[in-house]
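Residue numbers (the numbering used here), protein chains in the order written: chain A, 47 to 164; chain B, 975 to 1086.
Keep in mind that the hints are not guaranteed to be accurate.
In silico lysine-lysine, DSSO-like type, Cα no more than 27 Å apart, as pairs [as the list claims (entries may be wrong)]:
1) B:K1078 to A:K124
2) B:K1030 to B:K1042
3) B:K1078 to A:K57
4) B:K979 to A:K103
5) A:K103 to A:K60
6) A:K103 to A:K124
7) B:K979 to B:K1028
8) A:K103 to B:K1078
9) B:K1045 to B:K979
10) B:K1078 to B:K1042
Since the hints were made in silico from the structure, they are not lab data.
Computed from a predicted model, the values in this text were never measured in an experiment.
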Amino acid sequence: GAGVSQSPRYKVAKRGQDVALRCDPISGHVSLFWYQQALGQGPEFLTYFQNEAQLDKSGLPSDRFFAERPEGSVSTLKIQRTQQEDSAVYLCASSSYPVSPRSYNEQFFGPGTRLTVL
Amino acid sequence: DQQVKQNSPSLSVQEGRISILNCDYTNSMFDYFLWYKKYPAEGPTFLISISSIKDKNEDGRFTVFLNKSAKHLSLHIVPSQPGDSAVYFCAASGGGSEKLVFGKGTKLTVNP
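Work out the full structure, taking the sequences as your base and the hints as a guide.
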């Protein structure tokens, strides 16, 4: 079956522009996560959805970052008034938790969107 | 403060030998640990996981060991193959949160 897909794969924005990044999770996966990965670092958590409910947004770095998953499937991460420090790879992941037991909470990642802010 | 640490940025081994990647954590609430492998321009790929109720989990050439008292886990790859060359990330979750906390990664190079 299809894995997690993300679009666009690459995005170049001028400082101050708004961007929208899309994630299509694995069909049927209840949980969806967004992570940000800076160069040379591990992914860092941004936000978590269970179906359409955003249960944790503690990792969003500022109020310029906004995520939604209105129908419990596709999710969009929006960044307003982009800054150079927003340049990173944005990763989306999905998992079957909590449908599957806790011990099977592997998160499956998409290829990421590389955002470059000039 | 990093809650998950991978202190070796890189590791080089010969094909056929054992690769041992190490990971330390500080948060005692973590109860689930995972290893991911990442190739350039791709997302992380799940390799193997272990729950805190176990101290070992094996899957083919990959074995993860967990030492809760030392807050340390390791990934063993035996035998190592050139296709194993990638960046390996250790991740943990727990404490009522499903988010994964990642280390900075270790770049493994397996030489033919």
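Okay, the hints, checked on the actual structure:
no.: 1; hint: B:K1078 to A:K124; in the structure: 25 Å, holds
no.: 2; hint: B:K1030 to B:K1042; in the structure: 11 Å, holds
no.: 3; hint: B:K1078 to A:K57; in the structure: 24 Å, holds
no.: 4; hint: B:K979 to A:K103; in the structure: 23 Å, holds
no.: 5; hint: A:K103 to A:K60; in the structure: 26 Å, holds
no.: 6; hint: A:K103 to A:K124; in the structure: 13 Å, holds
no.: 7; hint: B:K979 to B:K1028; in the structure: 21 Å, holds
no.: 8; hint: A:K103 to B:K1078; in the structure: 22 Å, holds
no.: 9; hint: B:K1045 to B:K979; in the structure: 11 Å, holds
no.: 10; hint: B:K1078 to B:K1042; in the structure: 21 Å, holds
The earlier numbered hints are all upheld by this structure, with none contradicted.
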